[in-house]
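K.L.:
Here are the chains, one letter per residue:
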Amino acid sequence: MADKVHIKVVVNGVERHSEVEPRLLLVHYLRETLGLTGTHVGCDTSQCGACTVHVDGQAVKSCTMFAVQADGSSVTTIEGLGSPGSLHPVQEGFWEMHGLQCGFCTPGMIMATVDLLNKNPNPSEAEIRHALEGNYCRCTGYHNIVRAVQYAADKMAGKVGVAADD
Amino acid sequence: MANKFFGKAMKRVEDPRFITGTGNYTDDMSLPGMAEAAMVRSPYAHAHIKKIDASRALTYPGVLAVITGQEMKDAGINGIPTGWLHPGIKTPPHYAITIDKARHVGDIVAAVIAESRQIAEDAAQLVEVDYEPLPAVALGSDALKPGAPAVHDDVPDNVCFTWSIGDKAAVDAAFASAYKTVKLNLRNNRLVPNAMEPRASLAQYLKASDEYTLWTTSQNPHIHRLLIAAFIMGIPEHKLRVIAPDVGGGFGSKIYQYPEEIIVLYAAKKLNRPVKWTARRSESFVTDSHGRDHETVAEMAVDQNGKITAVRVDTIANMGAYLTTFAPAVPTYLYGCLLAGTYTTPHIYCHVTAPFTHTTPVDAYRGAGRPEATYLLERLVDVMAHELGMDPVEFRRKNLIPPDAFPYQTPVALQYDSGNYEANLDKALEMVGYQDLRRQQAELRKQGRYIGIGAITFIEACGLAPSALVGSLGAQAGQWESALVRVMPTGKVEVFTGTHSHGQGHETAFAQVVADELQIPVEDVVLVHGDTGRMPYGWGSYGSRSAPTGLSAIVLATRKITDKAKKIAAHLLEASPDDIVHEDGKFMVKGVPDKAKTFFDIALMAHLAHNYPADLEPGLEATHFYDPKNFVYPFGTHIAVVEVDPDTGKVKLLRYLSVDDCGPVINPLIADGQVHGGIAQGLGQALLEEAVYDKEGQILSGNFLEYTLPRADDMVQIEHDHTVTPCPHNPLGIKGIGEAGTIASTAAVANAVMDALRPFGIVHLDMPYTPEKVWRAIHGSRLAQAAD
Chain W
1 MADKVHIKVV VNGVERHSEV EPRLLLVHYL RETLGLTGTH VGCDTSQCGA
51 CTVHVDGQAV KSCTMFAVQA DGSSVTTIEG LGSPGSLHPV QEGFWEMHGL
101 QCGFCTPGMI MATVDLLNKN PNPSEAEIRH ALEGNYCRCT GYHNIVRAVQ
151 YAADKMAGKV GVAADD
Chain R
167 MANKFFGKAM KRVEDPRFIT GTGNYTDDMS LPGMAEAAMV RSPYAHAHIK
217 KIDASRALTY PGVLAVITGQ EMKDAGINGI PTGWLHPGIK TPPHYAITID
267 KARHVGDIVA AVIAESRQIA EDAAQLVEVD YEPLPAVALG SDALKPGAPA
317 VHDDVPDNVC FTWSIGDKAA VDAAFASAYK TVKLNLRNNR LVPNAMEPRA
367 SLAQYLKASD EYTLWTTSQN PHIHRLLIAA FIMGIPEHKL RVIAPDVGGG
417 FGSKIYQYPE EIIVLYAAKK LNRPVKWTAR RSESFVTDSH GRDHETVAEM
467 AVDQNGKITA VRVDTIANMG AYLTTFAPAV PTYLYGCLLA GTYTTPHIYC
517 HVTAPFTHTT PVDAYRGAGR PEATYLLERL VDVMAHELGM DPVEFRRKNL
567 IPPDAFPYQT PVALQYDSGN YEANLDKALE MVGYQDLRRQ QAELRKQGRY
617 IGIGAITFIE ACGLAPSALV GSLGAQAGQW ESALVRVMPT GKVEVFTGTH
667 SHGQGHETAF AQVVADELQI PVEDVVLVHG DTGRMPYGWG SYGSRSAPTG
717 LSAIVLATRK ITDKAKKIAA HLLEASPDDI VHEDGKFMVK GVPDKAKTFF
767 DIALMAHLAH NYPADLEPGL EATHFYDPKN FVYPFGTHIA VVEVDPDTGK
817 VKLLRYLSVD DCGPVINPLI ADGQVHGGIA QGLGQALLEE AVYDKEGQIL
867 SGNFLEYTLP RADDMVQIEH DHTVTPCPHN PLGIKGIGEA GTIASTAAVA
917 NAVMDALRPF GIVHLDMPYT PEKVWRAIHG SRLAQAAD
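From first to last, the protein sequence lines stand for chains W and R. If you count by the numbering used here, then the first sequence holds residues 1 to 166, one letter each, in order. If you count by the numbering used here, then the second sequence holds residues 167 to 954, one letter each, in order.
Hints may contain errors.
[Stated by the list, open to error] Simulated crosslink set (DSS-like; lysine-lysine; CA at most 27 Å straight-line):
#1 K256/R <-> K861/R
#2 K761/R <-> K733/R
#3 K473/R <-> K334/R
#4 K752/R <-> K170/R
#5 K177/R <-> K155/W
#6 K155/W <-> K174/R
Think of the hints as simulated: they come from the structure by calculation, not from any bench.
Pulled out of the complex, with its shape left as it was, chain R reads as follows (with noise of 0.2 Å):
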């Protein structure tokens, strides 16, 4: 079958809406008779909440309501649980209002529902909090410390969990033996999401029929249904339909079951009326889930050879103050896991300690937990390397994992299924001239400028997941994924899928591939995502998993549709189903090709069925239930070019180029713009942004004013191309490609401005490397020279 669109760079069909302004986003919706919704937060951190006095408030004109978590408790609603456990786990309650003790600030004391968005937000203001601050704590290592203020009064020791994956005794006499050994002590900075769209929720409930529907900033509503359904306000499945309509970038931080959407459906009912409410950017930087925020003793051992023989490494991961959706398996299973990366380590040790602590919680944030392993693993390298006196490239060259060693086991549980990862290193290499960049950089040192090169390879594993694997390591949830194929009697075709797009393209990328299926035009099929009320069911988008495993379903949906669609045109054209075609967008007798009938016909005779099989069900759609078989793993090299100036203590990037490996390439003009997008996240955790806490567990940078997000002018024209491995097991051999960038451009961008720094006799900075740090850093070491 050759393919009219696979490999396309199509434009978007989604574009339209979204630069004629026509998008339509939660907050865009309003509906008759809807109330509005703000919250009173805690301005604290830690508190004992005496009392709550809304009288005030509720005399405000236009006030409807003012709700309480005593009031919601009363009323059956239970807490928000978490969706993976680890055996020994601690989960707290956490109630979507607080009741007792505000946790962290932005904690939900009270809801105030008023007649508009204004007049909730100024009652919010008059409800009256009698708040006994309590000692905080914000960092992870303090939460640890005996004595700390507990989070939870029955978690004393705030330790949430501990997890550990490998060998221990093994990695501890590798160490033992080791020619050389590195150690570091990193701290992995805490991060904002920082989607462009604020979250925002709007239910509606119906009297007559007890249905209710929520709106909701989500990239996976039927998550949602069954946390709230089940779990938290036991409303029959049935009879709650969530919609994630329009939804402006998600990055993980849309994953979560968050209070707010607990709130507004019960204050629809409550009221009878529809209720909204939508974020401030200030509510966003304090409520949705953190990424990141690690403090990791990381250590790599090498034999004489400059093989590594082991990795070993302690993280103390912050949780926050609660636990939400994926939180514990984001710094355990996605992190522990793939610290071999793309190399032979035989031995690998990971202990995580994960307390709780006074802040917002923290829960997958693009990549979410293979950038913190990626950036550890690489830094490793880049100083190791050093201490051989060996180019960074070459050592890494040395230990890759070889192409015939796939299917490749890790001692960190994973199996590769399938990598070419030399000659991927060596396309980038080629293509930004490494051994001329070098040269350059040699030169320019001399003239008093400081270039670094930080040239990473990375592998990720993605495509979220084997149900039964995961189920049996802690998930809560499947993570097969499901796809409905549905064609009209005039051959168009519907597109169902349970994943959900939210600037991924798939409205064009999914078409794309069921039009080269079916041989259709692709402007004849339509993806739907996002509605609970729609499509069989699903697990969403994240973990780069809508193409590998959304699509897979699709895919093999669609072959359903094609072999019956062989039996119609078999019945038709009088012949045996073993000897239709499917050409040129026709269905006909092999070596008789004016006996043929085109889809239309096909479709048309499956929905009359008057000249139609005896033995086959009128009608033309499929369903299909895909659970992968592994993980797929997507791979790549990355390398960035930054000059550092000495007297500013200012990073610029100079040149980013990367080469990609997610197999085939469905669409390269949306494939690419994914990899240019996570590479500016992942450059922005390595250069400008950080969720600083003060010791009272207030947040810092809780703005754009202060939290810096990457800019234009932050960032170049990226180089970029891509080397082919397919998967081995899916239908198109297709991998992720969501979160490549983001997993490998800390770790490039933060070796590039070490290495710009090694002059210096820097051997390690945390990040973000803000002029401030760089120069106090070279200022220190200058002085120091000065002093011997």
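Next up, chain W with everything else stripped away, as it sits in the complex (with noise of 0.2 Å):
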């Protein structure tokens, strides 16, 4: 075991001072050194995107990132995105439209789908399709996921400016 860095991150608008192994993962830094298990661990191989959070703005598989490399950087994971009383539109569409069924590999998707929207807010079915290649879903077939992405682009190009979570 190598010595622990000491690491200063932003998440969910909270600034978080940690030592941490230098080997240790975003993800396992999120869940279980603060306790934010909303973000999940699906694969060992980065291809599930479970574990998709936002650092910086940018869409990220945190199961890729070494949590030190997440050392002054600004992290948005599921639980920063919006709560029962005010969901993201993203939310709003997966509950709408029956987007999940287990639940698992929703957040990623949903991180995922926030940030495509945020690069694309009115994609075609064929370019939501491409872009949640990264995210598997072993519940849907992607059918109404498909469907929640087009609610929430949708909702959200009926507001004033892109609602942004980061």
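Two chains, two separate frames, one set of hints: put the complex together.
P.N.:
What follows is the structure in structure tokens.
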């Protein structure tokens, strides 16, 4: 075990200071050190996307980064996106359109969708399917996930400006 | 009674926690003083374990224990039993940690318990195991060859069991006098279930009360408690509580009693600390029970009128290295009994040989036996239709069981209770525009484009199950379901079910039904599931049983509540109970609507019992144990349209349409979602997925880099509708819908691909239809044509 390293990360708007092992993955830092268990681990080869969070506004699979690489960054997880009383339009879309079943892939799927809509507010069905290639869902067959993304895009287009999460 | 909620596409009550990241999955939990486990797993498919040296691991800082199979056996821990027995079946021991030999890649050789998962994983690499590798066998038919290496010393021929159903002599006679016959050699590819949440288990032992709690990723916590208590660990059943909290998908893979659950329970007592283990995905690939893996010779005979006269099937069903909980039932009663499909075939015979191999155990995966049966039957039907020069849809139509034939006794034990197959087929054909599609296909073929259409009909038998029947067939468990409905003094209602929801939306759909039965707001009902400490009993969720079996129990318990409420209302309204009607949310005297009591009034008085019938118990709760009279038989028509690129071999899904019949639909949003997901899994088998083993038993597709799950861009928006043929023998007429998509779609997609490849003279390819396989088949065919 190597010596621990000090990092400072702003997570969901709160500045966090931690001593971490250099080998600690960002996802384990979020889940185990900070107790933010909404971000999930679905594989060990960076395929499934269940661990997707935003680092400095970009969707990142948090199993592909060490916590020390997030030093000085701003991280948004599903817990920081919206709450039951004030859902982000993407969260609302997944609820309205039944875009989830077991819920395990959902936080990563939602964070990937927010990133897509930040970059492309009006994606076609093909663009949605392409953008979510890095996120596996075993329950929905993606049918209602596509509808959820379309719902969110419509909802966000109806607003002044695009809701930003970070 | 008017239904306010039944049939409504209500948003799910479970979703707020999942979309905000506040779900509670097993790996999300940690307890004070919790240690974590990592497993030392065999890298060999078959090896003698000559020596285990844990001395280096034990000196690694933070390591608490290294546990071996011998230690657990010496402590009186037994092997893991199977839950289904056939006559003559071989059931060699399956220890949580193997003792003498490793029998598949991933077999547990030792367990390391440490202060953290990272330390446990580090130390697992320091456990020195002296293996003597032995020859291994991975393919079922190879395991049956003379001289094949034996998986278990006491089963030298590797035959776990053989099984058959049907009248062989009658079938052979039908083939002898057939107008035409077709024969296919089929390989039903082995699949890895891959629920998105990897398995995890957390055990706690309380010394003061000698009680255990196990949180685990399970579809059926009571089955775990029973197996662990009565068979494996000897814990008194009332001293073990098993909780399955939020579970991230199951698809069958979380039914079974797995070794790791035993290990963490044992370690929690040994160390007097909570112990957690969570699978890495690469562990899931070699330890979650796999699905399918058949080698089959399938034959069909017809008469000169194009009527199917017989089906004959001989299957080798790979069991893997050990029998898990329901493994023996899957390639037998859930498979051979489904070979009538939707057709009037008078003679069917199915013979199954189930060998052990040096591979991960094989058990039920979504559909479990029924997708295998549907696939081979629907492949035979398409090939036979071509032989006869008939449109495959018209050949099916000619052989469908007519609506006036129900109840219909098949020649393979099942009695179908209801069905209307031709109307369902016609609806699907109309929706898809079948004749136009065939015209387009012909036109595009002239342009060098290869479109394929796969239109199949299917049936499933689900809603497990009549207990006495399955008991007579070898089940070591009952298959009834229980419900407890508890009304509180404020009129709020808790419903406890023995089924488990791990994505199916029971918290919403079941509450809709209860709210209608009691005529109360749906938000006044909460469903509780997944905790042996809270519900009376239960056999869990699999085999599309939760709605037809579990919800039937709930409905009948709820009706007991209504009956009692009428008695209380009659007393309060000074009327006869026979004169009380339950309408518009009120209990009122018939014809006197202003003499009424609300559900709240009744609930409160049931608990106060101040002004109360003398001969009635206070309180308002009811339990019902429901044992179904028969299976339920959902059916449907699925149509896949694909295009094959002859230059690359790539198969592209163009359209997918399904018309399912699961009886009345409780919540269309949820039911349709089940169909969508099932279709994707079945398409995965047809086009993408395969657990590939090499000759030495090494898995070559053991992670997501090599094993391809369907992604968003492999799928299309699914066109979907229902027909409604109620089940005649349960209170709501409902049938299961959890597995239908998977049962149907593999066959539909497979037939579509084969239809597209027909111009190349290709009659059959085994799944999955990867670009390489399809390209090679086309290329071989073109070369052959050029050589002619």
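K.L.:
Next pair to validate is K752/R with K170/R; report whether the Cα-Cα distance is within 27 Å.
P.N.:
Holds. K752/R to K170/R sits at ~14 Å (cutoff 27 Å).
K.L.:
Please verify whether K256/R and K861/R have alpha carbons no more than 27 Å apart.
P.N.:
24 Å, holds
K.L.:
Has the given pair, K177/R with K155/W, been kept, meaning a C-alpha gap of at most 27 Å?
P.N.:
Holds, because 18 Å separates the two Cα atoms, which is no more than 27 Å.
K.L.:
Does the alpha-carbon distance linking K473/R and K334/R stay inside the 27 Å limit?
P.N.:
Holds, because 19 Å separates the two Cα atoms, which is no more than 27 Å.
K.L.:
What's the verdict on K761/R and K733/R, does the C-alpha distance respect the 27 Å limit or exceed it?
P.N.:
At roughly 15 Å apart (the allowed maximum being 27 Å), K733/R and K761/R satisfy the hint.
K.L.:
With the threshold set at 27 Å, check whether the alpha-carbon distance from K155/W to K174/R stays at or below it.
P.N.:
Roughly 23 Å between the alpha carbons, so the hint for K155/W and K174/R holds.
Hint compliance for this structure: no hint is broken.
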